[in-house]
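S.K.: Listed below, chain by chain, are the residues.
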Amino acid sequence: GQQVMQIPQYQHVQEGEDFTTYCNSSTTLSNIQWYKQRPGGHPVFLIQLVKSGEVKKQKRLTFQFGEAKKNSSLHITATQTTDVGTYFCAGSRGSYGKLTFGQGTILTVHP
Amino acid sequence: DVKVTQSSRYLVKRTGEKVFLECVQDMDHENMFWYRQDPGLGLRLIYFSYDVKMKEKGDIPEGYSVSREKKERFSLILESASTNQTSMYLCATIYRGTEAFFGQGTRLTVV
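Line order of the protein sequences matches chains A and B. Each residue of the first sequence is one higher than the one before, starting from 1 at the first, in my numbering. Each residue of the second sequence is one higher than the one before, starting from 1 at the first, in my numbering.
Bound-form chain A, shown alone (with noise of 0.2 angstroms):
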C-alpha cells in the first residue's frame, strides 16, 4: 500500500533559526496536507496542495509540492516558541478523502 515517509523524526533548534520538514510518498498523490499538532492537542490543518510544482506560504510558513508529485516541503522562517508541535504530512489517496500521514517531525524551539 501507499506510504508516507516523512523527516526528520525530531528537530531542535534556536529561536530565529529556521526549520524545514521533508515528505516522500511511494506512489503519486492527488494532494498533500500538512497538519501541526500542538503538545496534548489534536491534528489541525494548515494547508492542501494539489498542483505539481506549487508553492504555498502562510507568513513564515512555506509549503512546497513536488513536480512529481510524490513530494513535499514544509519550511518555517525564523522560528518562535510558538512554533513547537509535531507537523505531519498526509497524502490523499483513492476515494472517500482517505490521508495517509508521515509519521510526524516533533519540533522544539529553545528560546
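Derived from the structure by calculation, the hints contain no laboratory data. Bear in mind the structure is a predicted one, so any value in this text is a computation, not a measurement. Heads up, the beta-carbon is just placed ideally off N, CA and C, and yes, glycines get one too. Hints may be right or wrong, so weigh each one.
To be verified - Not everything, but these chain B residues come out facing chain A in the computed CB check (under 10 angstroms):
{"hint": "1", "residue": "28"}
{"hint": "2", "residue": "30"}
{"hint": "3", "residue": "31"}
{"hint": "4", "residue": "35"}
{"hint": "5", "residue": "37"}
{"hint": "6", "residue": "40"}
{"hint": "7", "residue": "42"}
{"hint": "8", "residue": "48"}
{"hint": "9", "residue": "50"}
{"hint": "10", "residue": "53"}
{"hint": "11", "residue": "64"}
{"hint": "12", "residue": "65"}
{"hint": "13", "residue": "96"}
{"hint": "14", "residue": "101"}
{"hint": "15", "residue": "103"}
{"hint": "16", "residue": "104"}
Claimed, not checked - Derived pair list, reagent style BS3-like, types lysine-lysine, alpha-carbon separation capped at 30 angstroms:
{"hint": "17", "chain 1": "A", "residue 1": "70", "chain 2": "A", "residue 2": "56"}
{"hint": "18", "chain 1": "A", "residue 1": "36", "chain 2": "B", "residue 2": "57"}
{"hint": "19", "chain 1": "B", "residue 1": "3", "chain 2": "B", "residue 2": "55"}
{"hint": "20", "chain 1": "B", "residue 1": "13", "chain 2": "B", "residue 2": "57"}
{"hint": "21", "chain 1": "B", "residue 1": "3", "chain 2": "A", "residue 2": "56"}
{"hint": "22", "chain 1": "B", "residue 1": "55", "chain 2": "A", "residue 2": "36"}
{"hint": "23", "chain 1": "A", "residue 1": "57", "chain 2": "B", "residue 2": "57"}
{"hint": "24", "chain 1": "B", "residue 1": "70", "chain 2": "B", "residue 2": "53"}
As the list claims (entries may be wrong) - Here are the computed distance ranges between Cβ atoms for each label pair:
{"hint": "25", "chain 1": "B", "residue 1": "41", "chain 2": "A", "residue 2": "56", "range": "26 to 36 angstroms"}
{"hint": "26", "chain 1": "A", "residue 1": "39", "chain 2": "B", "residue 2": "44", "range": "17 to 27 angstroms"}
{"hint": "27", "chain 1": "B", "residue 1": "11", "chain 2": "A", "residue 2": "10", "range": "21 to 31 angstroms"}
Please arrange chain B on chain A, whose structure you already have, making use of the hints.
M.R.: Showing chain B alone in chain A's frame:
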C-alpha cells in the same frame, strides 16, 4: 466551526474487556475515520465509513470493529482489549477530500 467530539479524553481498561470509543460530528459529513497515533508511527488508519452502515477497513483493522448507525456518530469497538492497543485514538471527519477535522483524542491505556 466543525465540531468533532470524542466521548472520553482518558480511559483505562483491563485486558479482555470490550471497549467502545464514541465519536460525534455536527457537520453532516459523510466520511468519518478512526486513526490511532503512536510515537514514531504517525497516524494509522483503522477503519473508515463513507455512509450510514457502510464501513471499510483501513490499514490496521485487526482487533477492531466499527459501527455507524447514524450519520453523526461513528463508534470504534475493541472486541477484547489487549495491551498492544494502548494508544491515542483520533476520530476525524473529512468533507469531499478537503481538510480533516479531528476530535480531541482518547488516550486509552489497557492494563
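S.K.: Hint by hint, note whether the structure agrees.
M.R.: Going through the hints against the structure:
1. 28: This hint is violated: residue 28 (chain B) lies away from chain A, its Cβ roughly 15 angstroms from the closest one there, beyond 10 angstroms.
2. 30: It holds, given that the least Cβ distance between residue 30 (chain B) and chain A is near 8 angstroms, below 10 angstroms.
3. 31: holds, 5 angstroms
4. 35: Nearest chain A Cβ about 8 angstroms off; hint holds.
5. 37: Because about 9 angstroms separates residue 37 (chain B) from the closest Cβ in chain A, which is inside the 10 angstroms limit, the hint holds.
6. 40: Residue 40 (chain B) check passes; min Cβ-Cβ to chain A is 6 angstroms, inside 10 angstroms.
7. 42: Holds: closest Cβ of chain A sits about 4 angstroms from residue 42 (chain B), inside 10 angstroms.
8. 48: holds, 6 angstroms
9. 50: holds, 5 angstroms
10. 53: Hint on residue 53 (chain B): violated, closest Cβ of chain A at ~15 angstroms, above 10 angstroms.
11. 64: violated, 16 angstroms
12. 65: Violated, because the Cβ-Cβ distance from residue 65 (chain B) to chain A comes to roughly 18 angstroms (cut-off 10 angstroms).
13. 96: Residue 96 (chain B) check passes; min Cβ-Cβ to chain A is 7 angstroms, inside 10 angstroms.
14. 101: This interface hint holds because 8 angstroms falls under the 10 angstroms limit.
15. 103: Cβ of residue 103 (chain B) sits 7 angstroms from chain A, so the hint holds.
16. 104: holds, 5 angstroms
17. A:70 x A:56: Status holds; Cα separation ~17 angstroms.
18. A:36 x B:57: holds, 26 angstroms
19. B:3 x B:55: The given pair, whose Cα atoms are some 21 angstroms apart, holds under the 30 angstroms limit.
20. B:13 x B:57: holds, 24 angstroms
21. B:3 x A:56: Since the Cα atoms of residue 3 (chain B) and residue 56 (chain A) sit roughly 27 angstroms apart, the hinted pair holds (cutoff 30 angstroms).
22. B:55 x A:36: holds, 28 angstroms
23. A:57 x B:57: Violated: residue 57 (chain A) and residue 57 (chain B) sit about 35 angstroms apart, past 30 angstroms.
24. B:70 x B:53: holds, 8 angstroms
25. B:41 x A:56: 26 to 36 angstroms: holds, 27 angstroms
26. A:39 x B:44: 17 to 27 angstroms: holds, 20 angstroms
27. B:11 x A:10: 21 to 31 angstroms: Roughly 28 angstroms apart at Cβ, these two residues keep to the hinted range, so it holds.
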